[in-house]
Amino acid sequence: MPTIVSSTLAREPEELHMMSYPRHTLLVVGQMVSEVRRGVSVVPCCPLCRLFGLLVLALGVISSAQAVRGQSPSPASPITAIRQLEADGQVGSAIEACKVALAGPASDYVLSEALYHKARLCLAAERLPEARAAAIDFMARFPELSRAAAMYTLLAHMEEGAPIDDDRLIRAENAASEVYEAGRQAYKAGDLAESLRLMSEVLSRFSGTPASLRALDHMGHVFLKQDCYHEATEPFLRVLEMVGDSAPTSRVVRRARVRLGAIYRRLHYPEHARAMFMAVEGDSGAPALAAEAALQLIGMAYESLRVDSWHKRTIDPQRWVELEARCRRLAASQSAPAIYRCKAELILLETYAWRKQREDVYVAANALFEKYKGKAEFNREIATASTFVAESLLSQNRYAEAIPHWEFVLTLCPRGVDYWPGEQVLDRAIYQLQYAKSQAGAPPSEIRALATELAERFPSSGFTRTANRRTDKVERQHAERMAK
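Just so you know, we're using the numbering used here here: the sequence shown kicks off at 144 and counts up by one.
Treat the hints with care, since some could be wrong.
Said to hold, decoys possible - Below, a list of computed lysine-lysine pairs in the DSS-like style, where the Cα atoms sit at most 25 Å apart: (1) Lys499 / Lys455; (2) Lys331 / Lys368; (3) Lys616 / Lys627; (4) Lys499 / Lys516; (5) Lys499 / Lys514.
Unchecked claim - Just the calculated beta-carbon pair ranges, DEER-fashion: (6) Met625 / Pro413: 54 to 62 Å; (7) Glu324 / Cys371: 21 to 29 Å; (8) Pro391 / Ala230: 31 to 39 Å; (9) Gly428 / Pro272: 21 to 29 Å; (10) Tyr372 / Phe512: 18 to 26 Å; (11) Ser452 / Tyr372: 21 to 29 Å; (12) Glu623 / Ser447: 50 to 58 Å; (13) Pro218 / Ala336: 17 to 25 Å; (14) Phe512 / Asn611: 32 to 40 Å; (15) Ala543 / Thr609: 33 to 41 Å; (16) Glu513 / Ser452: 40 to 48 Å; (17) Ser452 / Pro564: 20 to 28 Å.
Just so you know, these hints were derived from the structure itself, not from any lab. Each residue gets a CB set at the ideal place from its N, CA and C atoms; glycine is no exception.
All chains should be built: construct the whole structure from the sequences, respecting the hints.
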């Protein structure tokens with residue numbers, strides 16, 4: 144039977160338009176965060192702070208399109224309202240609008256924009272404690288964003304008395320972003336070697352910029368795409384080294400932990416993998432990554448139980464109970480993406496199939512079909528569930544009932560489509576459908592057609608020879624019956 148536990152490693156690199164600066168800079172930021180939490184007073188109001196706020200605005204720092212590509216606020220977005228209030232000169236109202244946006248559930252884009260505008264507007268209004276707190280909050284939550292360069296420059300002026308026109312980090316980030324963008328384009332064009340070269344250039348020339356962390360994240364994904372798992376660990380570990388302490392709940396750190404967990408799992412370091420996943424599981428600030436980590440932990444627990452069952456080791460029944468509870472918890476999570484909820488239900492169904500709890504398989508499958516059947520994005524999961532149902536029915540000699548489930552799998556997987564490449568799931572489906580039809584008394588022509596399809600679609604399949612022998616037997620028996 145197929146194992147459906149999903150792997151993070153198979154994913155396309157997700158664009159991360161945010162990241163951080165060099166180690167010494169991040170350590171300074173970490174100290175600032177600690178100071179704020181201890182209630183240390185801010186630097187007395189500087190008469191040039193207002194000018195600095197205007198300078199940041201005039202420079203544009205990094206435009207929204209560059210900071211978060213492809214995300215521009217809709218007319219109904221709170222960011223649109225904040226910008227309009229600022230344009231109308233209502234700075235106080237704009238600051239209050241920022242607070243409202245930060246108080247409720249919102250996307251990373253809205254949160255980062257609201258924090259950025261709040262820091263800059265409070266600085267312009269000479270509300271230094273609020274400006275400083277917003278800037279530090281931005282750094283702790285979004286250390287990877289290009290606009291973090293502006294936040295660091297702001298804090299450097301307030302904390303260390305840096306010259307008000309010292310925009311070197313901002314300018315370096317702009318230059319680094321150009322090289323980073325060229326690396327992204329090379330990746331999209333399929334030139335992975337050139338993409339890695341350009342990302343390495345970002346690291347060597349602009350090691351103190353947010354783009355350097357974006358480059359590390361991207362390099363890790365490119366290595367994963369090439370199945371270079373050992374090489375992929377270094378970029379993600381460097382991300383943790385740079386921002387793991389100062390921004391432990393930032394998206395870039397959470398992503399690095401989940402990716403490292405998947406790599407360690409692939410390389411058979413279960414304890415390392417478990418530690419990485421557990422650091423993210425249950426993190427309400429990143430529901431998608433938390434769900435992914437939870438699913439990986441479910442997969443690890445299930446694999447461990449399968450191995451112990453296979454070797455006939457004594458298993459504490461509580462382990463199965465805990466696994467089922469984990470599956471149900473993720474499946475019921477309203478914050479988790481639907482695909483992870485669906486996969487959790489599917490793993491639960493698979494555990495029933497593994498333990499030969501046939502009726503539980505049917506109940507779980509019906510529940511899953513009711514929620515997800517007919518939605519293309521869940522075709523792989525629905526097809527996999529159908530194979531478990533069909534296999535369970537075959538094991539009970541319920542051949543006629545199994546046939547439509549195998550046929551449904553093949554409907555979802557026409558020629559050229561295989562959701563389980565290299566796993567012998569689809570060729571087995573054809574083979575088992577042929578078997579079910581032969582046992583149910585289907586015409587020899589249907590048996591022959593399935594043997595032909597199997598040979599054409601999977602010429603090297605180990606099922607082909609047996610399918611051909613079965614066809615010959617059915618045709619011979621049919622001929623004997625007709626001769627009587």
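Verdict for Phe512, Asn611 (Cβ pair) under range 32 to 40 Å: Distance hint for Phe512, Asn611 holds at roughly 34 Å.
Glu623 versus Ser447 beta-carbon gap, inside 50 to 58 Å or not: Holds: the Cβ-Cβ distance is about 52 Å, inside 50 to 58 Å.
Range hint compliance [Cβ, Glu513 to Ser452, 40 to 48 Å]: For Ser452 against Glu513, whose Cβ atoms are near 29 Å apart, the range 40 to 48 Å is violated.
Straight-line alpha-carbon gap Lys499 to Lys514, limit 25 Å: Answer holds: Lys499 to Lys514 is near 24 Å, not above 25 Å.
Whether the CB-CB distance between Met625 and Pro413 falls inside 54 to 62 Å: 60 Å, holds
Range hint compliance [Cβ, Pro391 to Ala230, 31 to 39 Å]: 36 Å, holds
Agreement of Lys499 and Lys455 with the hint, judged by alpha carbon distance not exceeding 25 Å: 15 Å, holds
C-beta pair Gly428, Pro272: status relative to the range 21 to 29 Å that was hinted: 24 Å, holds
Verdict for Tyr372, Phe512 (Cβ pair) under range 18 to 26 Å: The hinted range 18 to 26 Å is violated for Tyr372 and Phe512, with Cβ atoms some 36 Å apart.
Distance restraint hint 33 to 41 Å, applied to the beta-carbon atoms of Ala543 and Thr609: With Cβ atoms ~21 Å apart, the hint is violated.
Assessment of proposed distance window 21 to 29 Å (beta carbons of Ser452, Tyr372): 27 Å, holds
Lys499 paired with Lys516 [C-alpha distance capped at 25 Å]: 24 Å, holds
Hint violations for this structure: numbers 10, 13, 15 and 16, all remaining hints satisfied.
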